[in-house]
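Number of protein chains: 2
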Amino acid sequence: MPSTDLPLESQHPKAVDLSHHVNKVSSSIRGSPLKHIFQYLREPGMVSLAGGLPHPNLFPYQQLDLKVYAPDAKIIPGETVTSSMNLSIPQYASETHQLNTLSRALQYYPGRSSPTLTALFYDFTARIMRPGYADWQILLNSGSTDGWSKVVNLLCEPGDYIIVEEHTFPSAHSLWAPMGCKGVPVKMDKDGMIPEDLERIMDGWEQNHPEVKKPHLLYTVPVGQNPTGSTLTFERKKAIYETCVKHDIIICEDDPYYFLQLPRYVSPSERNGINDTPQGAVSDADLLKILVPPFVHIDYQGRVIRLETLSKTLGPGNRLGYFVCNAAFAERLVHATEVISQAPSGWSQAIIEELLVTWRPEGYIRWLLGVRENYGIRRDWICDIIRDVFDVLPAGNEYNDDFIAVKKGHGQLQDTKSAPFFSFTYPKGGMFLYIKLYLSQNPKFRALRNAAENQDEEANEKWTREFWKDLIQEKILLTPHFFYTPPGNVEKKEESDVAFFRMTFSYETREDMHIGIQRLAKAFEKNWEMEN
Amino acid sequence: MPSTDLPLESQHPKAVDLSHHVNKVSSSIRGSPLKHIFQYLREPGMVSLAGGLPHPNLFPYQQLDLKVYAPDAKIIPGETVTSSMNLSIPQYASETHQLNTLSRALQYYPGRSSPTLTALFYDFTARIMRPGYADWQILLNSGSTDGWSKVVNLLCEPGDYIIVEEHTFPSAHSLWAPMGCKGVPVKMDKDGMIPEDLERIMDGWEQNHPEVKKPHLLYTVPVGQNPTGSTLTFERKKAIYETCVKHDIIICEDDPYYFLQLPRYVSPSERNGINDTPQGAVSDADLLKILVPPFVHIDYQGRVIRLETLSKTLGPGNRLGYFVCNAAFAERLVHATEVISQAPSGWSQAIIEELLVTWRPEGYIRWLLGVRENYGIRRDWICDIIRDVFDVLPAGNEYNDDFIAVKKGHGQLQDTKSAPFFSFTYPKGGMFLYIKLYLSQNPKFRALRNAAENQDEEANEKWTREFWKDLIQEKILLTPHFFYTPPGNVEKKEESDVAFFRMTFSYETREDMHIGIQRLAKAFEKNWEMEN
Numbered sequence: 001m002p003s004t005d006l007p008l009e010s011q012h013p014k015a016v017d018l019s020h021h022v023n024k025v026s027s028s029i030r031g032s033p034l035k036h037i038f039q040y041l042r043e044p045g046m047v048s049l050a051g052g053l054p055h056p057n058l059f060p061y062q063q064l065d066l067k068v069y070a071p072d073a074k075i076i077p078g079e080t081v082t083s084s085m086n087l088s089i090p091q092y093a094s095e096t097h098q099l100n101t102l103s104r105a106l107q108y109y110p111g112r113s114s115p116t117l118t119a120l121f122y123d124f125t126a127r128i129m130r131p132g133y134a135d136w137q138i139l140l141n142s143g144s145t146d147g148w149s150k151v152v153n154l155l156c157e158p159g160d161y162i163i164v165e166e167h168t169f170p171s172a173h174s175l176w177a178p179m180g181c182k183g184v185p186v187k188m189d190k191d192g193m194i195p196e197d198l199e200r201i202m203d204g205w206e207q208n209h210p211e212v213k214k215p216h217l218l219y220t221v222p223v224g225q226n227p228t229g230s231t232l233t234f235e236r237k238k239a240i241y242e243t244c245v246k247h248d249i250i251i252c253e254d255d256p257y258y259f260l261q262l263p264r265y266v267s268p269s270e271r272n273g274i275n276d277t278p279q280g281a282v283s284d285a286d287l288l289k290i291l292v293p294p295f296v297h298i299d300y301q302g303r304v305i306r307l308e309t310l311s312k313t314l315g316p317g318n319r320l321g322y323f324v325c326n327a328a329f330a331e332r333l334v335h336a337t338e339v340i341s342q343a344p345s346g347w348s349q350a351i352i353e354e355l356l357v358t359w360r361p362e363g364y365i366r367w368l369l370g371v372r373e374n375y376g377i378r379r380d381w382i383c384d385i386i387r388d389v390f391d392v393l394p395a396g397n398e399y400n401d402d403f404i405a406v407k408k409g410h411g412q413l414q415d416t417k418s419a420p421f422f423s424f425t426y427p428k429g430g431m432f433l434y435i436k437l438y439l440s441q442n443p444k445f446r447a448l449r450n451a452a453e454n455q456d457e458e459a460n461e462k463w464t465r466e467f468w469k470d471l472i473q474e475k476i477l478l479t480p481h482f483f484y485t486p487p488g489n490v491e492k493k494e495e496s497d498v499a500f501f502r503m504t505f506s507y508e509t510r511e512d513m514h515i516g517i518q519r520l521a522k523a524f525e526k527n528w529e530m531e532n
Numbered sequence: 001m002p003s004t005d006l007p008l009e010s011q012h013p014k015a016v017d018l019s020h021h022v023n024k025v026s027s028s029i030r031g032s033p034l035k036h037i038f039q040y041l042r043e044p045g046m047v048s049l050a051g052g053l054p055h056p057n058l059f060p061y062q063q064l065d066l067k068v069y070a071p072d073a074k075i076i077p078g079e080t081v082t083s084s085m086n087l088s089i090p091q092y093a094s095e096t097h098q099l100n101t102l103s104r105a106l107q108y109y110p111g112r113s114s115p116t117l118t119a120l121f122y123d124f125t126a127r128i129m130r131p132g133y134a135d136w137q138i139l140l141n142s143g144s145t146d147g148w149s150k151v152v153n154l155l156c157e158p159g160d161y162i163i164v165e166e167h168t169f170p171s172a173h174s175l176w177a178p179m180g181c182k183g184v185p186v187k188m189d190k191d192g193m194i195p196e197d198l199e200r201i202m203d204g205w206e207q208n209h210p211e212v213k214k215p216h217l218l219y220t221v222p223v224g225q226n227p228t229g230s231t232l233t234f235e236r237k238k239a240i241y242e243t244c245v246k247h248d249i250i251i252c253e254d255d256p257y258y259f260l261q262l263p264r265y266v267s268p269s270e271r272n273g274i275n276d277t278p279q280g281a282v283s284d285a286d287l288l289k290i291l292v293p294p295f296v297h298i299d300y301q302g303r304v305i306r307l308e309t310l311s312k313t314l315g316p317g318n319r320l321g322y323f324v325c326n327a328a329f330a331e332r333l334v335h336a337t338e339v340i341s342q343a344p345s346g347w348s349q350a351i352i353e354e355l356l357v358t359w360r361p362e363g364y365i366r367w368l369l370g371v372r373e374n375y376g377i378r379r380d381w382i383c384d385i386i387r388d389v390f391d392v393l394p395a396g397n398e399y400n401d402d403f404i405a406v407k408k409g410h411g412q413l414q415d416t417k418s419a420p421f422f423s424f425t426y427p428k429g430g431m432f433l434y435i436k437l438y439l440s441q442n443p444k445f446r447a448l449r450n451a452a453e454n455q456d457e458e459a460n461e462k463w464t465r466e467f468w469k470d471l472i473q474e475k476i477l478l479t480p481h482f483f484y485t486p487p488g489n490v491e492k493k494e495e496s497d498v499a500f501f502r503m504t505f506s507y508e509t510r511e512d513m514h515i516g517i518q519r520l521a522k523a524f525e526k527n528w529e530m531e532n
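In order, the protein sequences belong to chains E and A.
Counting along the first sequence from 1, when you hit position 529 you're at 529 in UniProt numbering, and nothing is skipped either side.
Counting along the second sequence from 1, when you hit position 241 you're at 241 in UniProt numbering, and nothing is skipped either side.
In short, the hints are calculated from the structure, not lab data.
There may be inaccurate statements among the hints.
Here are some chain A residues the structure puts well away from chain E; computed CB gaps all over 12 Å [unchecked claim]:
1. PRO210
2. ASP276
3. SER283
4. ILE290
5. ASP402
6. LYS444
The calculated lysine-lysine pairs, modelled on DSS-like cross-linking and capped at a C-alpha distance of 27 Å, are [unchecked claim]:
7. A:LYS24 x E:LYS213
8. E:LYS238 x E:LYS214
9. A:LYS408 x A:LYS469
10. A:LYS444 x A:LYS407
11. A:LYS462 x A:LYS182
12. E:LYS24 x A:LYS213
13. E:LYS182 x A:LYS24
14. A:LYS475 x A:LYS407
15. A:LYS182 x E:LYS24
16. A:LYS24 x E:LYS214
17. E:LYS67 x A:LYS213
18. A:LYS24 x E:LYS24
19. A:LYS238 x A:LYS214
20. E:LYS24 x A:LYS214
21. A:LYS24 x A:LYS14
22. E:LYS475 x E:LYS407
Since we're looking at a predicted model, the values are computed, not measured.
Virtual Cβ for every residue (Gly too), placed ideally from N, Cα, C.
Same shape as in the complex, but just chain E (with noise of 0.2 Å):
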């Protein structure tokens, strides 16, 4: 079983020292120093008056059975699963079973958490994410909330800027804003991140903000981008990386839906009921020919951190997270977690330890690939239900976007084509689909304009919140960009006549997500002024 704390038998780098990225007050967290006392528990024959465990007979769990699904399970909406296996943790170690028991995994953690399940974590991110230098490490959190949190409380000053997509997710934001921090969003497009943009703003810093300390940290959802569903191409992650090297950024990659890489899109009469998900036995060659390799691979340097959870593929309440990053954040992050969270829940650490062990390495693989298989279905139904609620065409070159959507019926006649209610395109991944909206000649927001008392941006504002509520009106409820705009930008670049709109496809059934895009429809009809 590998060590977490020895680098991997590699070619690789180990990392540079980006040790003055680590802020003042992370660098002197000392950690408990009750923690030194654990060294000595070891010596044979030692009696300790010393720490202050409870006692886990005093503890009231006898044994732990849990039923979960094979891991190959189909998992088909409305149909009954009926693969199943079973997990059993007893309270104190037997024979046959040594390893995780309820007496330990409800007991006090140290700082690292499990080490088993820190090494199978290590084991499967050696093999499926490869990071790109020797001694990188894996310390588990309590999910990507607490994740990021921790990076924020390790390496920002209050007021730094930080370096964020024009669209981001605004739990990330909710964080950092009232440290005093500001974002700089760089651009983005159907693939995300637009790296040039990235370049623009890093090269020309010390000219264009003298007065203002230059970013260095980028925040990035990299997959299936949240609210955006976009998915960072490999040759835009090695270029944005890039930057990020020439400008001393660390980068934090959170990437929740990185094993939701899904493949592309095609219409419903193309498709021939195969898709690209491997039958019967996998390896891990089957699931790394469909994702793109991670920021943390690129990284030959140690700057990147990432942000691995579980949310997304066994559940959120697991609380369960790691970060994969280098030896010295990791240090700081250890020190982090006694102090302010300590190891993350017994109960989730030892089921998902025992999950794993049960289901082993290549039945792990097998589940993410079927929980990529059924958002896949998802991403489809959704796809399927616009194009047949309203007519989809081709975007020109003046859309970011691959399709443009107009009234049902419209698609046919030449002058629509130029006002389109929005423009999509396909994801490639995650649980989102955002629709940009063009509101130039939409009649609500051009009186909404030209009202003496509107600013351009108000008027998209409050035009944005009118047919939000419309939309609310109709029953249909989706999420308006105005959450996703990160505060305090000094690189800001709003178009004003146009909106966003995300709308998730990981959760309704496929009837009601076709009752709700037709009430979309026809809210818009009604907003546009075009019923009938």
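Since the structure of chain E is already known, use the hints to place chain A on it.
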């Protein structure tokens, strides 16, 4: 089932406005914007494509079964526990099981976590803690490390002074010291923090520290204090509370050992096999009559934040605890929960909820009494052993403790009373026994102090470290006091010719405890050069 948002019907006053204590960052946290959308999800007929929830069909858990102790199980060390019960949580709701399901538990929770579990803790707190004001709330957290971290981040600005016991829990100050905060240590004796010393410090603050911002947060472990094992009397709690009212100080009551308040120690010869644990059916009154009420009971203004945890009663690995606090603080803490950590592990929430529902409230009280009885037996063990291994004599007025321990057989000699190895008091709660060593007659300490290069403090520190190493050599591990000194005291008042060590009686067997304390006696005799 009581709602946590509604005040309990009560003649108590509402909390006063204490919002000026909230720091700048915490005042600015808006919580996750996406949470605002949740209100529309409940509208009948709504189709939602707004959320970002993974589909619960893709959580691979079908049923959890847990065999637990019955709450009245006898857990006598060395004996087998036979009385047990079964919990079962299905994947989805069925007719027989409506509330607690794995599909719910493994999904994202809102910042206020499980309403059912919150209501269970609310009811328990109303009955057993009986807060002194009307509109208090319960908010779940991921255990008291998480809780304390959120309190510091709610109230403290960098550089603040925090009032603490003069020996205090090191993991607590490891959190705030890196923020540049400093400790204001208040003198303690066998009954914990001395109210008169707190009053002296606060009344004289402006005069004695004219340049220093007045402290507005007091951190205390009121029962079985870590490390001293001392327990505040009700009178002391009231006096401390009144000083905090007078000087507008928030009290953080970190009270993991609350239910481990123990009956008075009596010697084995006086023990007649009867202790004070009620037998048979139990009521709230049984619990109330053996517990000193907490600060939150005295609190008529809402200035106490109580940290409740399940770590010492149901296991640390649950990583589950809760705040009892005023509504304004709770609202800020909810937002912090959303952006910093999210709700506690769904496994922990679901299992604890099911356990408490299965046990019923009277079962939970019975369990707490059983845990207390167990630690009471262990407390008796360590006290019996100390009396067996040393000669124990009543302490004179010159000691803050009840007893002194001298070399076995020397208790009859006239001159030993002036130079005991250590003084101590039989703990009235918790898991710890603290011993105070007297070094004035110790030849090694005297040599160190007489050496020209040492200040008194340095001599003390050096001696303590060397003696601690001697103990490790003898294979007996204790925790030395230098772990417990809060950093950055403005009110320094350490004695230089005493040293402290913490002993834990929660974990080792009686036999090992006996062996360990015999080794301790040997180390004392060697170090004091009293071997035969």
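Here's how the hints hold up against the structure:
no.: 1; hint: PRO210; verdict: holds (27 Å)
no.: 2; hint: ASP276; verdict: holds (19 Å)
no.: 3; hint: SER283; verdict: holds (21 Å)
no.: 4; hint: ILE290; verdict: holds (18 Å)
no.: 5; hint: ASP402; verdict: holds (20 Å)
no.: 6; hint: LYS444; verdict: holds (21 Å)
no.: 7; hint: A:LYS24 x E:LYS213; verdict: holds (22 Å)
no.: 8; hint: E:LYS238 x E:LYS214; verdict: holds (21 Å)
no.: 9; hint: A:LYS408 x A:LYS469; verdict: holds (23 Å)
no.: 10; hint: A:LYS444 x A:LYS407; verdict: holds (17 Å)
no.: 11; hint: A:LYS462 x A:LYS182; verdict: holds (24 Å)
no.: 12; hint: E:LYS24 x A:LYS213; verdict: holds (22 Å)
no.: 13; hint: E:LYS182 x A:LYS24; verdict: holds (16 Å)
no.: 14; hint: A:LYS475 x A:LYS407; verdict: holds (20 Å)
no.: 15; hint: A:LYS182 x E:LYS24; verdict: holds (16 Å)
no.: 16; hint: A:LYS24 x E:LYS214; verdict: holds (24 Å)
no.: 17; hint: E:LYS67 x A:LYS213; verdict: violated (57 Å)
no.: 18; hint: A:LYS24 x E:LYS24; verdict: holds (19 Å)
no.: 19; hint: A:LYS238 x A:LYS214; verdict: holds (21 Å)
no.: 20; hint: E:LYS24 x A:LYS214; verdict: holds (24 Å)
no.: 21; hint: A:LYS24 x A:LYS14; verdict: holds (25 Å)
no.: 22; hint: E:LYS475 x E:LYS407; verdict: holds (20 Å)
When held up to the earlier numbered hints, the structure conflicts with hint 17 and nothing else.
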